[in-house]
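Participant: Just so you know, the sequences run in chain order E and F. According to our numbering, numbering within the first sequence proceeds without interruption in unit steps and concludes at 801. According to our numbering, numbering within the second sequence proceeds without interruption in unit steps and concludes at 146.
Calculated directly from the structure, the hints in this document are not laboratory data. Note that CB positions come from ideal geometry on N, CA and C, so glycine has one too. Mixed in with the good hints there might be a few duds.
[Stated by the list, open to error] Residues of chain E placed beyond 10 Å of chain F at every Cβ, according to the derived structure:
#1 Ala-102
#2 Asp-147
#3 Gly-148
#4 Arg-230
#5 Ile-232
#6 Lys-324
#7 Glu-470
#8 Asn-588
#9 Arg-637
#10 Glu-639
#11 Glu-664
#12 Asp-689
#13 Thr-782
[What the hints assert, rightly or not] Dumping the calculated DMTMM-like pairs for lysine to aspartate or glutamate here, alpha-carbon to alpha-carbon at most 25 Å:
#14 Lys-774(E) - Asp-66(F)
#15 Lys-287(E) - Glu-80(E)
#16 Lys-774(E) - Asp-135(F)
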Amino acid sequence: MAAKRRPRKSTKKSARRSTRKGGLRRLIRRLLPVFLLAVIALIAYAFHLDVKIRSQFEGKRWTLPAKVYARPLELYPGRALLQGELLAELRDLDYFRQTSAVNTGSYDVDDAVVIVHTRPFKFIDGQESSQRLKIHFSGQYVQAIENMGDGLPRSLVRLDPVQIASIYPTHNEDRLLLRLDDVPQQMLQALIAVEDRDFYNHAGVSIRSIGRAMMANLRAGRTVQGGSTLTQQLVKNYFLTNERSLSRKINEAIMAYLLDFHYSKDAILQAYLNEIYLGQDGRRAIHGVGLASQFYFGRSPKELNLSQQALMVAMLNGPSYYDPRRHPERARARRDLVLQVMREEGYITPGQAQRAIDAPLGVVNKPNSKVNRYPAFLDLVKRQLRENYSEADLRTEGLKIFTTLDPLVQHHAQSTVSAELKEMERYYGIESGVLQSAMIVTDTVSGEIQAVVGGRDPSSAGFNRALDAQRQIGSLIKPIVYLTALEQQAGFNLTSRLMDEPLSVELAEGKTWTPQNYDRISRGEVPAYLALVNSYNQASLQLGMQLGVDRVIATLRRLGVSRPVNIYPSFLLGATELTPIDVTQMYQTLANGGFTAPLRSINAVYDAQDQPLQRYELELEQAAEPGAVYQLNRALQLVAREGTAKALYERLPPELNLAGKTGTTDDLRDSWFSGFTGDKLAVVWLGRDDNKPAGFSGSTGAMRIWGRLFERIGAQSLRLVAPQGMVDLWLERETGILYDAPCGNSLQLPFKTEIVDTLTVKSCQKKTPKNWLEKMFGQ
Amino acid sequence: MKFVYYLLALLLMWISAGCTTTPETDDGMLPMPRELEQPQVPVQETPGVRAPSRSNSAVASILLDVQSAIQAGRYSVAASQLERALRIEPANARVWHYLARVRFNQRRYAQAANLAAKSNALARGDEALRAQNDALIDASRRAMP
């Protein structure tokens, strides 16, 4: 309009001042290049926007966080599992309770029976399909599993794994990608009816909608309706800013037009459904209908009922305003509006609409946090991942990381540590919060790490004591000394005589070192097993000095510990600093009969398309002679039967047959216990961060936590299998005489067959009733 | 000389294949874990203290899957399944032996030998299995570069 008037004005003016005419022409001539430049700039700008929107749409449209999973729960008849533990796992998995468990991802409980409708899941070794299972419990066991589809029993099934963490892009967006086919038709109809009626007809921007919106807003005197098409909303979500300016609106419109020009309506709709923001879970932003469906309804979009579909469409308009958990009334009103529109458009019958309006919102409880539930364990996982993946890959490529974490064990481990430290502080009147502890639990043979406790506070992502606290290990080193002797010293056996008496060791700078026993009593000549079982320092040092520090260190290296250690004689009594995870690796090799399996927190890494990228497999290295390890482990069982760890059996069942060793350092600064059963190894450290005396020996501190843990988790009995070439003899305790059969007050011990000839073995003349202990050990 | 090793290896694989495909033979290669037949240590359930898992048919069902995976040449799947079986029964010498065999077929000879040695350490009294482990260790050592 203004442009038209201006020439007229200038004509009038030109009549009066003709000299100005030439000036105006000059001005136009001068402005013309500027104008042309502006046009070129606009075209270039549009081109720039085109490239930008196309690369956004076609390229890697979404950065997907890496998902970290726990181990899947294996269910089989005979498995020690409490019904409550299965239910805890199902809750961890965000299964919802539903009568008869009709939908996948639901469960139901009826007395000692749990019905689970499992979700399908693709594992490393095959697909686990969705099944409706009836799981019967009997006491502490799974008694039977029945597939309700065919009525047949199942001998082994596994649930999908719990997601324990996500490694997020910096903007914390999370989504579950879906295809258009994954969305129910009715929901698409509702979406278009409510948000963009002309979607299939307009060219990305709809003048009609803008007009309609303007009219509505004018009538209302405020903004009540937006004229944005779905395409515009998609563009807006791509470059999410909250700026409400004209220039942004124009950019949006140009890009929407360009998108519509380049791509099909269905492609745009699918992108919209994956992109759209639908809520917040702490720091995690919920994007896309796929994830929102899980987040709000605990099921996939295909499984949503009409009412839930309408609610989902309702929320699109303002996910926080219509948040059905925080504002159920608003959400319900909006949902009903959506249903009403659907009915008016003829997508649903009035009857269907009414039933959906009468239905509850159908929202499940807020799912468990997927951000980082076990920071100490995730810390270990990330360290292992960084060896092979860049930080960017982890945050954006949608990797799936299958870890070895056992949430049930982790839960018990963490709660035991937290509760026991509190209890100890209370009981002994220690300032609250001063004691610290760390624990690692592994599978004995595979080296898979089931739990990591980095400190008393489960949510702390700070100092990870399990991995980083370097503390003196005290008597935990002793088994390594005895193992070296059993392997390398000709004729050495568990009854070999050691001198438990003050021993002075020459140190550098002319100093001497004369260690004491824990109770400051020297016992003179003692059999080797007794020195180990009761943790006599002087006898062990004497043995270690015979062997030489170098040889003992070499044994430690073979068992898998690579950290630099103290090379002085005090090493032989554990005056060297290791971390709990170092100790775990060392004892894992013992628990595994002399075979080292590198500790693992990851089983496999998959890419976003479910293709395996990497497997971390079980690998074994024979690190020690199985016969020597067998003798050592038998002695470590005696530690718990009658030595420094015998208090464990006050509460644990005698059949557990656990093997273990206590460790205590000077002035009670560090309290350690490392012990294993048939299937689990746990290492516990307890002390103070400032390295001041904590006041606990291995038995009174760390071992107590270990014992409490094993009361709570079901562990298999340790049944040591003698390797070839071993024979048992009976040592009469008072006389030290060896018999070939149980005799009087005698102790059954293993020997290498080849050295039996060098020993004096008598036949027993006394009648000895077998006690339960000997029956147990009689292999 | 190499040819002889090759023949030995072939022979071993033939024996293995024979064993896994004929579960009815009574040569100790039944997919049923031996532990099932052994008397169990009686488990007394102390109130408040958790009892360990009992032996079960879960491992047997995994071993059936393992057999078909091996026959189809899907060794890494078989290995994953065997690892799964070991989580349930860590002291099952037969499962360790199968895993050793899978590694041998994958030409991972060092692992095959180590795993067979582990099987041996648990296979006391099972002379047939020990002999198979020993043969596998021999063949692995010979095949190693």
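Participant: Next step is simple, just say for each hint if it's right about the structure.
Facilitator: To see whether the hints hold, each was checked on the structure:
1. Ala-102: Violated: least Cβ distance 4 Å, not greater than 10 Å.
2. Asp-147: Non-interface label fails for Asp-147(E): nearest chain F Cβ at 4 Å, not farther than 10 Å.
3. Gly-148: Label violated. Min Cβ-Cβ 7 Å, cutoff 10 Å.
4. Arg-230: Holds, because the least Cβ-Cβ distance between Arg-230(E) and chain F comes to about 57 Å, which exceeds 10 Å.
5. Ile-232: Ile-232(E) clear of chain F: closest Cβ-Cβ about 58 Å, beyond 10 Å.
6. Lys-324: 29 Å, holds
7. Glu-470: 8 Å, violated
8. Asn-588: For Asn-588(E), whose nearest Cβ neighbour in chain F is about 31 Å away, the distance exceeds 10 Å, so it holds.
9. Arg-637: It is violated; Arg-637(E) is separated from chain F by about 7 Å at its closest Cβ, not greater than 10 Å.
10. Glu-639: 7 Å, violated
11. Glu-664: 20 Å, holds
12. Asp-689: About 34 Å separates Asp-689(E) from the closest Cβ of chain F, which puts it past 10 Å; holds.
13. Thr-782: For Thr-782(E), whose nearest Cβ neighbour in chain F is about 26 Å away, the distance exceeds 10 Å, so it holds.
14. Lys-774(E) - Asp-66(F): 39 Å, violated
15. Lys-287(E) - Glu-80(E): OK: Lys-287(E) and Glu-80(E) at ~14 Å, within 25 Å.
16. Lys-774(E) - Asp-135(F): 20 Å, holds
Hint compliance for this structure: hints 1, 2, 3, 7, 9, 10 and 14 are broken, all remaining hints hold.
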